[in-house]
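Asker: The listed protein sequences derive, respectively, from chains A and B. End of the first sequence = 89 in the working numbering, gap-free, step of one. End of the second sequence = 1451 in the working numbering, gap-free, step of one.
No lab work stands behind these hints, which were simulated from the structure alone. Any given hint could be a false lead.
[What the hints assert, rightly or not] Here are the in silico distance ranges between beta carbons for each label pair:
hint, chain 1, residue 1, chain 2, residue 2, range
1, A, E66, B, D1265, 31 to 37 Å
2, B, Y1045, A, K69, 53 to 59 Å
3, B, F1235, A, F24, 50 to 56 Å
4, A, T36, B, E1352, 50 to 56 Å
5, B, G1406, A, H39, 47 to 53 Å
6, A, L65, B, K1231, 44 to 50 Å
7, B, F1235, A, D27, 51 to 57 Å
8, B, K1101, A, K69, 36 to 42 Å
9, A, D27, B, G1107, 32 to 38 Å
[What the hints assert, rightly or not] Straight-line C-alpha distance at most 27 Å; calculated BS3-like pairs for lysine-lysine:
hint, chain 1, residue 1, chain 2, residue 2
10, A, K2, A, K67
11, B, K1229, A, K76
12, A, K69, A, K10
13, B, K1244, A, K76
Ideal Cβ positions, reconstructed from N, Cα and C, are used throughout, including at glycine.
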Amino acid sequence: MKAVLTVIGKDKVGIIANVSNLLFEKDANILDISQTIMHEFFTMVMLVDLSHINISSKELTELLLEKGKELKVSIKMQHEDVFNSMHLV
Amino acid sequence: MNINQIMETVKMLDDEKLDIRTLTMGISLLDCCDSDGKRARARIYEKIMRLAGNLVKVGDDLALEYGVPIINKRISVTPISLIAGASKDENYVEYAIMLDKIANELGINFIGGFSALIHKGYTTGDHRLISSIPEAMRVTERVCSSVSVASSKVGINMDGVREMGKVIKEAARLTADRDGLGCAKIVVFANAVDDNPFMAGAFHGVGEPECTLNVGISGPGTVKVALEKVKGADFGVVAEVIKKTAFKITRMGQLVGMEAAKRLDVPFGIVDLSLAPTPAIGDSVARILEEMGLEVCGTHGTTCALAMLNDAVKKGGIMASGSVGGLSGAFIPVSEDEGMIEAVEKGALNIEKLEAMTCVCSVGLDMIAIPGDTSAETISAIIADECAIGMINNKTTATRLIPAPGKKVGDSVEFGGLLGRAPVMKVSEFSSNDFINRGGRIPAPIHSFKN
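Turn these sequences into a full structure, and let the hints steer you where they fit.
Answerer: Structure, rendered in structure tokens:
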């Protein structure tokens, strides 16, 4: 399964490093990454392949939520189908 | 897909209160009939627990995986009058108690189907069920009741309309300690639908399969925010924006619903693409109408705005899903919509305007508190008016009125949670008694003879 990971918050050093390190530890493969500043907020979107992760996707979602709290940003991971179904006809 | 589209979805979910309002499992109880009521109830318990045991867990898992809040998990069942009618029981309150116990054990918030279909006439079971409704509403917490009293095909059962006025009064009296909360769980229908996932009017129709999963989506906040971006544009643009937004919302509902059905191993039923408000700020249908340019919901132009909203929502939703059903449109429950409550309190919205709005919305006079001393006949007459609107316009109309005990115009009643807060609204002080006491059946309208 592929998931879309979104990170929104105030920019600071190490957001990408922290998030990608956590994904690396859990064997999640980053397929695509884009980053921008939207309305003064740091906004990052990653497409992640979860086929080979060494924990459940539920656990990974929870770890990412915790990481978000630690970094004081909002991190969400959602099944890519949510976006595909909404935006692709 | 670009980053803007992804962020649009994230924003809808995080800031605009987009959610799946309900996953509702419809379960047929037709095979639970038994001449012994106790045995019938044991079968009902066994069947629902078996089929819906995982409903809450699947809903919660999906919410986390998809990042989409799923607010309610619910069950609708075959109208109990049909099941209990096979038994020798003369009072059906025990069936409601059993349904309540099941709802509690499963952790679902409502179970619908303590219902009877009497649009053309009563069976013995229907009589017994309807006379059990007030007590059933008093002793249960999560059971919802509905009675179909009219349809475009057969006309209006005015005996049923008369009786429902009394039932509502009695339910209010029995739950007077909770401001008449019992009445918030009783819906009187014209043109009731078999696959509605929304409460309090959900039941599993007799033409439905053994078990099915229906999904009700929401998202008034999302539509309002989308309209904020086209301030001053003409109605062609407004309609287009609503359609596109409804499309996106519906696609998400369909995705989650189908996945839930797969995991529960039951066929997927329908998406009900309704705009269902909640009392939370930013989740109001009234505010959408105001965004279109009305100073307050209820002023002149409101009916037109609502008609256009309802139509555009349907068009966007129908394109998005292969299986649309239920009520599908915009709901206007007063107590459950922060904008409606404010409009009533400002004096901009009254029951007459709401009645006009029910000609073009997807349901009817919903969650409206009226003075506690309103007579049963007046309540019946309000129901009759709604039935007439439904019957002649080939649409579903529902009436959910709360004659709040001891309250008068200017007071308000607080139900809490999704049911919200209702300001008590004025009803006509003139009598409809002789009209209601005629009884009988209003014949089928001329346009029903299409065959």
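Asker: Which earlier hints can't be squared with this structure?
Answerer: 2 and 6
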